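Q: Once you've looked at the hints, dock chains B and C against the given chain A.
Residue numbers (my numbering), protein chains in the order written: chain A, 12 to 340; chain B, 12 to 340; chain C, 12 to 340.
Watch out, some of these pointers could steer you wrong.
Remember, identical chains collapse to one label, so a pair may be satisfied in a single copy or spanning two.
Stated by the list, open to error - Here are the simulated SDA-like pairs of lysine to any residue, each with C-alpha atoms no more than 20 Å apart in a straight line:
| no. | residue 1 | residue 2 |
| --- | --- | --- |
| 1 | Lys197 | Lys225 |
| 2 | Lys264 | Gly119 |
| 3 | Lys264 | Glu120 |
| 4 | Lys197 | Tyr212 |
| 5 | Lys339 | Gly69 |
| 6 | Lys264 | Ser121 |
| 7 | Lys188 | Val239 |
Hint data in this document are derived by calculation from the structure and do not stem from the laboratory.
Being a predicted model, the structure only gives us computed values, none of them experimental.
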Amino acid sequence: MERTKPAVQGNSHLPFGDQQDAPYYGWDILSVKQFSLEDLTYIYAVAHELREIVARIGGFDLLKGKILANLFYEPSTRTSSSFTAAMERLGGSVIPINEVTYSSVSKGESLPDTVRTLECYADVIVLRHPKVGAAQEAADFARKPVINAGDGVGEHPTQALLDLFTIFEELGGVEGKTVTLLGDLKNGRTVHSLARLVSLYDVKINYVAPEILKMPPEIMQEIGARGVAQTEFEELDAVISETDVLYVTRVQKERFEDEAEYEQVRGQYVVDPALMKAAKEKMIVMHPLPRVGEISMELDSDPRAAYFRQMEYGLYTRMALLALVLGKA
Amino acid sequence: MERTKPAVQGNSHLPFGDQQDAPYYGWDILSVKQFSLEDLTYIYAVAHELREIVARIGGFDLLKGKILANLFYEPSTRTSSSFTAAMERLGGSVIPINEVTYSSVSKGESLPDTVRTLECYADVIVLRHPKVGAAQEAADFARKPVINAGDGVGEHPTQALLDLFTIFEELGGVEGKTVTLLGDLKNGRTVHSLARLVSLYDVKINYVAPEILKMPPEIMQEIGARGVAQTEFEELDAVISETDVLYVTRVQKERFEDEAEYEQVRGQYVVDPALMKAAKEKMIVMHPLPRVGEISMELDSDPRAAYFRQMEYGLYTRMALLALVLGKA
Amino acid sequence: MERTKPAVQGNSHLPFGDQQDAPYYGWDILSVKQFSLEDLTYIYAVAHELREIVARIGGFDLLKGKILANLFYEPSTRTSSSFTAAMERLGGSVIPINEVTYSSVSKGESLPDTVRTLECYADVIVLRHPKVGAAQEAADFARKPVINAGDGVGEHPTQALLDLFTIFEELGGVEGKTVTLLGDLKNGRTVHSLARLVSLYDVKINYVAPEILKMPPEIMQEIGARGVAQTEFEELDAVISETDVLYVTRVQKERFEDEAEYEQVRGQYVVDPALMKAAKEKMIVMHPLPRVGEISMELDSDPRAAYFRQMEYGLYTRMALLALVLGKA
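Chain A on its own, in the form it takes in the complex (with noise of 0.2 Å):
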């Protein structure tokens, strides 16, 4: 397991009184395979605390003085406001990157020096890039944590994480449970992301996809190859009553070439409360969203749908990376 290097060791520009000996500090948030079960365990602990201070009394000073740099070098509404809630219900600020493609980037700025200005004026960048390896180039430069939002169809880890604390907050943890993941398995960082994690654990995982958009052979080997059972299924049927996570992603016409088949497959994998009485009555509906007819809005009422209770783990997970690698959790 390659473990991301303390971004900010013995750093003499850092100090401000944080607890330097305080795990994860000065971490940086790359790729979800740097995550043992033990930082798994941890983080989550640290998580469900949040949740429940954010509950009683709706935030705390944790982080009080400390400043996010949010750069988004793509849009993304959903992720960055969730980093900037996560920031603002611990008492800090966000400083906001949103336009960056009309700035400094459009002289020619590169990467490395973009990340190096902004930590002269912040405690933490949190970056979003279309480019894959982004983020590590940016922690390769920077003297301060860097956590990455999503480098193109790379990695995603704070979804893969946040996706995980779901089935824990949910289920009450993922030991022994059934994971079926719905769509297109072939492109989605999120899915490939959250195999991975859940693999570290006692699991089973369905894969249920249209042909052309199957899990990758390569991501399937290296979840073999730590003993977790995977089968694949081209129909949600066969698999739906045995789900205890049920992963549903969006399938984009843009991968068919063939619109009549996009739109079979697309018929045939909506979830909808039809569908739902096949399931358990304790199960979750999962899904990153956006989502864009996949899942029925009719389904929205019934308490096995956790996408939108997904998004509230999402602040949670996101408070807790921020208060570990600032050192104060």
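A: Quick look at chains B and C alone, frame taken from chain A:
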């Protein structure tokens, strides 16, 4: 009078130690139609107190730990900045969302889904949207309070509330006053809402507009049914001397087919020092801004020019509304 | 020396318990020309103290309850982020206004009206505008302090102030130093302002530029009138060994009619480890950033490379200016 339902009644997600029995706690602010005389009196008492606090100490921590999602599908620097400042002067934080169209929404996400995501992060949502009825739709789905900051040609209730608050603060009340509305009375949601709101009181209303931009008869009927005297004019000279509140709006070129007609109307309705010689010594000139020539800059130093103070009253009105719907006033 | 008038003298809207007799309270920051030696000494004493506070505890609540309107008619991530962080590290809040052109302004609102609206919400206005003189125009109409964050080819006083502060902090002072300005000295407002500012002290200035990008004679005359020694060069080699401060700027391709000439100039003026062998051991290399090749990345690890630290000094300089004009330092 249809009063908007409490948005968060019995909602277990929202306690945070709020006074759940506080009046207006959890209310949506969607339309001026939802306010009774008693509501207005209460809101303006709070707004007046907040005005005094701001004058004395700038702000305080009434909404500390609370987060506002400022969701603007259309740009509006003025309204967006006003809500941001209102939240910040009360010690709260803001998630600014200005570029919605480039983001999730362009991926096809529905307004209800966007709103249900944002309320996972925030405590109250301010919504500006180009579509009539958008605020109501958002409120139907949201558990947390929604404040309408303008939905197309529909409503912009906080504008009307701040307009009336301006009259209260500047003239000591609206009872017995003569309110003259000037300009494009056909298309302006601002004057429609204000006319409705002042007609709750014993006032006299003058409408001054060119033939093609007259106040719509259905609104005049609605107001007439409350026993309010209304008179229509084409010339401002006829009524300036009896006017207590002159509310000026912009006449847009695009409304006219004949440019010569536009130029004539435009010239006729300019409020300048010459015209103001005929006005009372104690009266006010208001404008929702931005202006583009309908009030001459020479008038700015006239104490009766209340349009910039009007912006400031907007701050206190919005502070009051945020405090009220969050159960803190 | 023309000193900018106090912006809020006798203003009854602004008390908030401020120390109204504090030096610089209510000042506009419009031009480097408004600063005397005494002013600079005072400002840098405050900036230095703030630097130590940030190093020790990250920030504090000096400007709690105060609001900055960050009004950018042109995008500038660097400057905008720097002011945002400065305000937040002092416990204040920010109204970010980046998309002005798409908003009220595109409806034809004048700068004075926009500024008079924003000061209803905020306590201080930072303005970036493409038009020379825009900051002065804003200040003429505003009751609250205006800070010029760049008005076209006009001034960018806070950049010059932070540049000089960098020299003070890195070299212990500027008296007796040799300052070499390199690159496009004709069009760069940055080098014009810095040259003016250092000429208040006993310094020697070298200008290194290609023939067509030389320092304008009127600025050299202004500086010469203060008795400062100035020498012009076309080659950097001639002066690198005696230089205490090497201030590098970008040479833009667009300035040249002949591309071959551009390529030659560009190659000649690259600051790299080879060149730095001839430089003093104790000297600094500065750059306003962004750079695009005129300083090689290999130099970044050289302790004399001060350009990223320069960004950090910008934070402290802007914190000091905000605190001063708000009467809190």
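Q: Let me make sure I understand: some of the numbered hints might not hold for this structure. Which ones are they, in numerical order?
A: Result: hint 4 breaks, nothing else.
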